[in-house]
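J.: If you want the building blocks of each chain, they are given just below.
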Amino acid sequence: MRVTVTVNGTTETHDVETRMLLVHYLREVRGLTGTNIGCDTTSCGACTVLLDGESVKSCTLLAVQADGGEITTIEGMAAPDGTLHPIQQAFHEHHGLQCGFCTPGMVMAVASLLKEHPDPTEAEVREGLEGNLCRCTGYHNIVQAVLAAAHSGELVP
Amino acid sequence: MSAAVLEEHGAAGVVGTRMLRREDPALLSGEARFVHDLVVPGALHMAVVRSPYAHARITSVDVSAALGMPGVVAALTGADLAAEWASAMPCAWPVTADMQSPKHLPVAVDEACYTGDAVAVVLAGSQAEAQDAAAAVAVGYEELPAAVDLEDAARDDALAHVDAPSNRAYTWELVPDPDAVRRAFDEAAVTVKERYRQQRLIPAAMEPRGVCVVPQPFGGEFVVYSSTQIPHILRTMLGLTTGVPEDRIRVIAPSVGGGFGSKLDVYAEELLCLALARRLRRPVRWSEERSEAAQATIHGRGQVQEIELAADADGRVQAVRVHLLADMGAYLQLVTPGVPILGAFLYHGTYDVPAYSFTCTGVFTNKTPTDAYRGAGRPEATYAIERAMDALARKLGMDPAELRRRNYIGADRFPYSSVAGLVFDSGDYEAALDKALELVGYDALRHEQAQRRSDGATKLLGVGLSSYVEMCGLAPSRVLASLHYVAGGWETATVRMLPTGKVQVVTGATPHGQGHVTSWSMIVADKLGVLPDDVEVLHSDTGLSPLGLDTYGSRSLSVGGTAIALAADRLVDKARLLAAHRLEAAPEDLELSDGQFVVRGSPSTSIGIGTLAFEAFTAHDLPEGMEPNLEASATYDPTNFTFPFGTHVAVVEVDTETGRVDLVRYVGVDDCGNQINPLIVDGQVHGGIAQGVAQALYEEASYDERGNLLTTTLADYLVPAASELPSFTLGRTVTPSPSNPLGVKGVGEAGTIASTPAVVNAVVDALSHLGVEDLEMPVTPERVWRSIGASAPVQGGAR
Ligand code: FES
Ligand code: FES
Numbered sequence: 833m834r835v836t837v838t839v840n841g842t843t844e845t846h847d848v849e850t851r852m853l854l855v856h857y858l859r860e861v862r863g864l865t866g867t868n869i870g871c872d873t874t875s876c877g878a879c880t881v882l883l884d885g886e887s888v889k890s891c892t893l894l895a896v897q898a899d900g901g902e903i904t905t906i907e908g909m910a911a912p913d914g915t916l917h918p919i920q921q922a923f924h925e926h927h928g929l930q931c932g933f934c935t936p937g938m939v940m941a942v943a944s945l946l947k948e949h950p951d952p953t954e955a956e957v958r959e960g961l962e963g964n965l966c967r968c969t970g971y972h973n974i975v976q977a978v979l980a981a982a983h984s985g986e987l988v989p
Numbered sequence: 009m010s011a012a013v014l015e016e017h018g019a020a021g022v023v024g025t026r027m028l029r030r031e032d033p034a035l036l037s038g039e040a041r042f043v044h045d046l047v048v049p050g051a052l053h054m055a056v057v058r059s060p061y062a063h064a065r066i067t068s069v070d071v072s073a074a075l076g077m078p079g080v081v082a083a084l085t086g087a088d089l090a091a092e093w094a095s096a097m098p099c100a101w102p103v104t105a106d107m108q109s110p111k112h113l114p115v116a117v118d119e120a121c122y123t124g125d126a127v128a129v130v131l132a133g134s135q136a137e138a139q140d141a142a143a144a145v146a147v148g149y150e151e152l153p154a155a156v157d158l159e160d161a162a163r164d165d166a167l168a169h170v171d172a173p174s175n176r177a178y179t180w181e182l183v184p185d186p187d188a189v190r191r192a193f194d195e196a197a198v199t200v201k202e203r204y205r206q207q208r209l210i211p212a213a214m215e216p217r218g219v220c221v222v223p224q225p226f227g228g229e230f231v232v233y234s235s236t237q238i239p240h241i242l243r244t245m246l247g248l249t250t251g252v253p254e255d256r257i258r259v260i261a262p263s264v265g266g267g268f269g270s271k272l273d274v275y276a277e278e279l280l281c282l283a284l285a286r287r288l289r290r291p292v293r294w295s296e297e298r299s300e301a302a303q304a305t306i307h308g309r310g311q312v313q314e315i316e317l318a319a320d321a322d323g324r325v326q327a328v329r330v331h332l333l334a335d336m337g338a339y340l341q342l343v344t345p346g347v348p349i350l351g352a353f354l355y356h357g358t359y360d361v362p363a364y365s366f367t368c369t370g371v372f373t374n375k376t377p378t379d380a381y382r383g384a385g386r387p388e389a390t391y392a393i394e395r396a397m398d399a400l401a402r403k404l405g406m407d408p409a410e411l412r413r414r415n416y417i418g419a420d421r422f423p424y425s426s427v428a429g430l431v432f433d434s435g436d437y438e439a440a441l442d443k444a445l446e447l448v449g450y451d452a453l454r455h456e457q458a459q460r461r462s463d464g465a466t467k468l469l470g471v472g473l474s475s476y477v478e479m480c481g482l483a484p485s486r487v488l489a490s491l492h493y494v495a496g497g498w499e500t501a502t503v504r505m506l507p508t509g510k511v512q513v514v515t516g517a518t519p520h521g522q523g524h525v526t527s528w529s530m531i532v533a534d535k536l537g538v539l540p541d542d543v544e545v546l547h548s549d550t551g552l553s554p555l556g557l558d559t560y561g562s563r564s565l566s567v568g569g570t571a572i573a574l575a576a577d578r579l580v581d582k583a584r585l586l587a588a589h590r591l592e593a594a595p596e597d598l599e600l601s602d603g604q605f606v607v608r609g610s611p612s613t614s615i616g617i618g619t620l621a622f623e624a625f626t627a628h629d630l631p632e633g634m635e636p637n638l639e640a641s642a643t644y645d646p647t648n649f650t651f652p653f654g655t656h657v658a659v660v661e662v663d664t665e666t667g668r669v670d671l672v673r674y675v676g677v678d679d680c681g682n683q684i685n686p687l688i689v690d691g692q693v694h695g696g697i698a699q700g701v702a703q704a705l706y707e708e709a710s711y712d713e714r715g716n717l718l719t720t721t722l723a724d725y726l727v728p729a730a731s732e733l734p735s736f737t738l739g740r741t742v743t744p745s746p747s748n749p750l751g752v753k754g755v756g757e758a759g760t761i762a763s764t765p766a767v768v769n770a771v772v773d774a775l776s777h778l779g780v781e782d783l784e785m786p787v788t789p790e791r792v793w794r795s796i797g798a799s800a801p802v803q804g805g806a807r
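So the protein lines, in turn, are chains A and B. With the first sequence counted from 1, adding 832 to any position gets you my numbering. With the second sequence counted from 1, adding 8 to any position gets you my numbering.
Keep in mind that the hints were calculated from the coordinates and are not lab data. Cβ atoms here follow ideal geometry from the backbone N, Cα and C, with glycine treated the same way. Certain hints may be false.
What follows is a list of derived Cβ distance ranges for each label pair [unchecked claim]:
#, chain 1, residue 1, chain 2, residue 2, range
1, B, Thr-737, A, Glu-948, 23 to 33 Å
2, B, Val-48, A, Gly-914, 19 to 29 Å
3, A, Thr-915, B, Pro-686, 53 to 63 Å
4, B, Arg-289, A, Asp-847, 25 to 35 Å
5, A, Gly-885, B, Ser-710, 39 to 49 Å
6, B, Asp-70, A, Asp-847, 27 to 37 Å
Please work from the sequences and hints to get the whole structure.
T.: Quick look at the structure:
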């Protein structure tokens, strides 16, 4: 089946199997391997991307469901000159990542969280990231990074 | 950033600063490559057919249907593959001379010994095709009685391996003076005898494992990409098990998404991908699925512990006696039998105990093999002694902080020769306790606890302490020899300067999230007076870093970092001779400051180390006999372990109506000696605490009576999310280690070791006036709720 999807601003059309998951489409067809796969039960959030501005777990959707949609993956977050997005920068400054495997999904989930709650409390951050697991950081520094990003004044609402 | 830090700190250097990690940009941008991300044209995908039975005879394996499926290139049974193995799967730690180790092949031939044991493999053009075909392999099984429960297995109720004489792998003892122990118990004013269950845990690194082997068709090497903590050990073991000469194997661990010990192993899939790439002359890859990981990757813990304390009337502990049953699972993996032994020396914890007895029996069961999981033996030891100390405090009616204080090894006693035969390098346990109590506001909490009890509140407060000491920096090779470990414990490093003044560090330590590149470049930057960003760190690739013993046991900094520091010192020594030659000064009159060799007393006469690197490269004018280039190597074999320590305090709220436990506050005071980068130290402690809390409250790999694993997905196995944890308050004391020149101790496992007993002690503390004395882990609401119903209130208690 033919799907046309805009990923990080680039629109392409491809023939894909109807059973192909969006995450596999992004990784294998579009070659964007920043989005990770950490589970097979939609539990970990490593595969989180933005679809039309909303965060989705790309292992729960079929590629064909994204037809006509606009997707942002982790590769689309930094500026073309390599300047990190304020959320990425906050993760860097607050040591919000260790092995970095959960990080792409976590950053995308945060992007969506901060769009809905531009000024979240710590509890709201923790609740809002419930669907994204991290085994390395104990979440402490991730939460600090999110609060710092929210208060950096650099996020475009 | 690092330039700014250096500017700010000047000659004081970057070591000790919270320099941001150099690893981050690649990981934050999606640029980093994990094994699963590698694009390898023409690779075959392997799927593994796994036993659905915990224990079964394999009566037939029919691959014909699978072979007819789309994309399938090969489907092979254990018998088909038997000739591929030069030796069985390796166990590197035969802890006793008579240890039993059942033969373990990557694919079982006649007997499957746990659910998940491999019985056949399928290779196809895509992962989906391989998986579809794997489902079409028809295996005949005759189910056998399974040894599931650890204590039943210890009684040989069912044999885990039909041909084995018993389920006992080994019995290991450390009883320096049996009479002293007996006397201490005979004469004790108070004794406690406790029994704890260390449930099995699934390490659950967020990146499942992956392997990809690329053969070079024209007589070259096999490049093995693996999500591993141990590329160097793996290369040797792959050579021994497959017969591919070691020099023809290059192992690369690209970005590795966490390990926690679970990737400190040699796995069937690694052997299989290599053997199949050799057999089929094609690249072969395998990506572990999460539900597969739950069974095919090692588990941690799995012990039944019995601990007894004998104390005098003042609460001074005179003897500790421990009996362990340790669940090996179905086979001995790389260091399975040694895990309880890593804890064997630490069951007296931070306390000055004169008599000691430790016995452990390793037992086979029909479950996933266990092996090292964050802390490996030391969390178990700390849990037992710290829970037992609280039991003793209750029995004595003494505050648990006071009991600990009375028993600590005093700060004036170091180096301290322990009853178990170790020499603890340095410590000040009471200082860490004091700081933790102050940070948490201990007295106020006790007051509030009493208040809530007397108010009859349904949300009770509990405060739990845990003081720990661990042996880290694995390890002095001679000590490993005495423990029958087959390898050494050194680490090696090379530091070289390139012609333009840039620096390369080659290390055998292998990071998987710890930020080694940042820390190593900080150490070398300060030694040479260059910017951390100018230091390239080569690691995790046996082609670039041919020798090494990799990363586990909180060893990277104290052993690997020390090797780097020593190599850098040697490079500076050579540079100094060259500088003396160029400046026409005596070497001993030169000072290296901010990258410049300056003649003492004549500050205008100087030469930069970068200039010297170029001159050493051109070699046009070197002192007589000096070899070109600035390069030096060092291999460091530690003379002792390091002994990090600390005290953690957990504060919980327990709802007596629902049994719900909320971890409301958490304070951790750790002493890991000198710190290279406190930002990274904090991160290690945070993550460690979360993993230990997870054992206390959430996680368990549960099996049914037939040996089926019930928690195969992240929906059933409850790795905590952000919403289940609080923020942590950290404090630190600094007692440098005299065991190595950096004065460092290691911190990767501290949080996990400390937090589990702190949390369980807190829950028991909340309920102690109701007569609750113990709660099995994980402390679920149901267990709490039942315990409240089952216990009789303490006489004279507040209710
Ligand atoms: S891969 Fe785990 S939620 Fe999508
Ligand atoms: S940083 Fe490793 S899983 Fe989050």
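J.: Of the hints given before, which are not true for this structure?
T.: 3
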